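A.B. asks: As they're listed, the protein sequences go chains A and B. Residue numbers for the first sequence follow this note's numbering, so the first one is 1 and each next one is one higher. Residue numbers for the second sequence follow this note's numbering, so the first one is 1 and each next one is one higher.
If you are wondering where the hints come from, they were derived from the structure by calculation, not from laboratory data. As the structure is a computational prediction, the values presented were derived from the model and not from experiment. Mixed in with the good hints, there may be bad ones.
[To be verified] Keeping only pairs whose Cα atoms sit at most 25 Å apart, straight-line, the calculated DSS-like set for lysine-lysine is:
hint, chain 1, residue 1, chain 2, residue 2
1, B, 117, A, 14
2, A, 245, B, 45
3, A, 127, B, 45
4, B, 217, B, 117
5, A, 151, B, 217
6, B, 117, B, 45
7, A, 127, B, 217
8, A, 127, A, 194
Residue-level listing of the chains:
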Amino acid sequence: MPQPVISAPVISAKGVSKRFLTHSSKATQLKERIVKGRGAGTEEFWALRDVDVTVGDGETVGLIGPNGAGKSTLLKVLAGILRPTSGQVEVQGRIASLLELGAGFNGELTGRENVYLNAALLGLSRKEVDRLLDSIIEFSEQGPRIDDPVKHYSSGEYVKLAFSIAVHVDPDVLLIDEVLAVGDEAFARKCLGKIEQFQQAGKTILFVTHSLDLVTTLCTRGIVVDHGRVQYDGDPAFAVGTLRKILGTDRPVGQPLAPVEIGGVVVHSAVASTTPGGPASSRLRAGDPLHLRVTCEVLASDEVYPGEVGVVVMGAGDIPVFALRTPAGEGLPPVPGRYDVDFAIDAVPPLNGAFILGVQVDHAETHLPITARRFDDAIWVETGVLPGLLDVPALTTVTEAS
Amino acid sequence: MSAPAESAPLPGGPHDRAALARSRAAAQSSIRWELLSQLVRKDLKVKYQGSTLGFVWSLANPLFMLGIYYVIFTYVFPAGVPNYHVYLMAGLLSFTAFSQGVINASVSVVGNAGLVKKVRFPLLVLPLSGVGFAMVQLALQLPVLLVIALISGVNFLGPEFLLIIPALALLLVLTTALGTLVSALNVRFRDTSHFVEIFMLVWFWTNPILYRAGIIKEQLGDYYWVYFLNPVATIVSTVQRAIYDQPFTVNDQGERLQVLADPGYLFYFRNLAIGFVFSGLLLLLARRTFNRLQADFAEDL
Chain A
1 MPQPVISAPV ISAKGVSKRF LTHSSKATQL KERIVKGRGA GTEEFWALRD VDVTVGDGET
61 VGLIGPNGAG KSTLLKVLAG ILRPTSGQVE VQGRIASLLE LGAGFNGELT GRENVYLNAA
121 LLGLSRKEVD RLLDSIIEFS EQGPRIDDPV KHYSSGEYVK LAFSIAVHVD PDVLLIDEVL
181 AVGDEAFARK CLGKIEQFQQ AGKTILFVTH SLDLVTTLCT RGIVVDHGRV QYDGDPAFAV
241 GTLRKILGTD RPVGQPLAPV EIGGVVVHSA VASTTPGGPA SSRLRAGDPL HLRVTCEVLA
301 SDEVYPGEVG VVVMGAGDIP VFALRTPAGE GLPPVPGRYD VDFAIDAVPP LNGAFILGVQ
361 VDHAETHLPI TARRFDDAIW VETGVLPGLL DVPALTTVTE AS
Chain B
1 MSAPAESAPL PGGPHDRAAL ARSRAAAQSS IRWELLSQLV RKDLKVKYQG STLGFVWSLA
61 NPLFMLGIYY VIFTYVFPAG VPNYHVYLMA GLLSFTAFSQ GVINASVSVV GNAGLVKKVR
121 FPLLVLPLSG VGFAMVQLAL QLPVLLVIAL ISGVNFLGPE FLLIIPALAL LLVLTTALGT
181 LVSALNVRFR DTSHFVEIFM LVWFWTNPIL YRAGIIKEQL GDYYWVYFLN PVATIVSTVQ
241 RAIYDQPFTV NDQGERLQVL ADPGYLFYFR NLAIGFVFSG LLLLLARRTF NRLQADFAED
301 L
């Protein structure tokens with residue numbers, strides 16, 4: 001996969017570790033300090049261990065991982081809120097960190113007053129806020145409500161105003177912690193639109209999220225953090241796949257695809273390889289030969305007549321991309337035993353990302369499915385750097401319109 | 001980590017960024033002042049919003065204290081100071097600005113924990129806003145004091161009134177220094193703010209607010225200067241010198257008693273200089289301490 005050219009690292013973290021001391025009972029009171037002494041009752045907890053992250057200009061990076069993996073700690077360290085125990089962090093340009101929407105809001109103040117206060121906290125001058133005020137209010141959809149105290153706002157309205165301020169700060173680097181899924185759907189879409197605008201303007205965005213679809217659709221890169229370490233750093237689709245493996249939500253290999261288990265046939269595996277019957281290739285490139293081997297077992301049974309075997313290659317969101325099928329009458333024989341069904345493709349299509357293999361065995365006479373199983377992330381193809389399931393080459397020209 | 005040396009000077013690349021960083025650093029300090037003023041404004045609004053009398057309340061507290069002390073020290077234990085209310089108010093307002101400023105600052109970082117943990121901004125503005133809040137209140141109270149002084153026939157319109165400028169300057173520096181120091185310490189040791197509050201009650205009595213400064217001179221004699229090692233006593237007595245117009249009074253027995261700390265100027269200049277040196281050093285220490293501890297604020301809160 002061609003790496004995007006990193007002109008100059010905007011965010012550079014080298015060997016960053018963060019240790020927290022957890023006090024069995026908080027020894028913040030002077031008395032306890034004296035009574036218990038310094039080290040008593042403290043336990044070490046390493047939230048981050050030797051993390052190296054370099055983010056270049058204009059990258060959008062999704063930071064994902066299980067709960068308690070250290071994502072938020074990493075974001076806080078990069079934002080300069082927490083000091084790393086060891087290692088170095090350098091960030092170029094103006095950072096806006098959205099670790100909590102409306103962190104600086106005061107309920108007693110009106111929306112308008114809070115705009116000025118919050119913007120000042122985020123580093124905007126009064127003059128800049130004067131200039132941006134109308135735009136902020138418009139984006140937040142508050143209208144005349146802007147002059148009500150924010151304690152009377154609904155949580156959605158609160159968050160809309162906060163997000164509106166944050167995106168108007170016009171930072172070079174935007175650090176966001178799990179706050180994108182805010183407001184109603186219309187507003188969430190607007191937020192994403194704003195993020196895309198940021199991307200087009202070449203801003204660097206780093207966000208923590210649990211909605212993995214967002215990572216595949218929005219990010220140019222995914223970083224998986226677990227147990228305080230970077231487990232994967234690269235293609236967003238692979239990052240999501242890696243995380244699903246960690247979480248165990250990648251659905252155990254060979255999980256039923258649909259509740260059609262009639263029995264009589266078991267699909268054991270579906271393997272993508274570059275050679276016939278060869279070992280599973282985790283990464284493929286467009287143009288590689290592709291051999292799919294589905295291994296099935298026909299059990300001794302009177303009732304079932306296994307027939308055609310179909311394979312569906314699906315992208316994110318279970319979108320079918322293409323399907324393969326044994327010709328009519330050339331499926332599994334109704335004889336108990338283990339069978340390999342091979343599909344050979346000359347060249348892998350210009351796919352992009354991680355793909356799911358759905359395998360289905362039909363009844364020889366009724367043509368209804370007997371069994372179906374899915375194999376998540378069975379095919380990983382690295383082709384382009386642009387988002388999308390397909391990598392489509394295009395010739396582009398720019399000419400002045402008449 | 002600097003950008004790789006061989007990287008080409010692309011537009012928007014590291015070179016532009018360096019220039020941008022410089023101009024931003026310049027803009028940064030003005031933004032800090034704006035942030036500070038926003039925070040003080042917020043505190044004022046939050047404190048007085050919804051109350052009918054609003055800012056009048058910022059006067060109510062010291063005026064009530066004044067009333068109580070006035071009654072006690074005029075009728076119960078006569079202080080023997082003519083126009084006692086003006087003398088008392090001058091000292092009381094100065095000391096309250098100091099003590100409130102330090103107390104506000106001491107809880108400012110802990111009180112804004114949510115902010116400190118979630119937003120990156122110059123944390124120093126927190127204690128400064130606590131001090132600023134007290135100073136704004138003083139600025140609202142001082143005109144009232146002057147009006148009362150005028151009505152009472154106290155003539156403060158002389159050259160001595162100019163002393164109020166260095167006195168208030170010292171007040172600002174000292175309050176800022178001590179406030180900054182305790183705000184940082186209070187994050188690690190939450191007892192600090194409680195300790196500060198109690199300490200202020202004691203400190204109050206070591207200043208010539210309720211009593212004549214002259215009493216101290218009569219008691220300490222040659223060691224009078226020791227009393228003014230306390231820079232707050234310097235501030236209080238200088239404000240009194242600036243506003244109150246009777247350095248001496250005569251009691252019932254016909255004795256000439258000294259009211260103010262000193263009838264001249266030199267005394268004040270000397271003590272102010274000592275106060276500025278002390279407060280300046282304290283300010284340096286406070287800044288260093290704050291800067292060293294602030295990196296751990298988000299963690300300790």
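A.B. asks: Hint numbers the structure violates, sorted upward?
C.D. replies: Checked against the structure, the hints that fail are numbers 2, 4, 5, 7, while the rest are satisfied.
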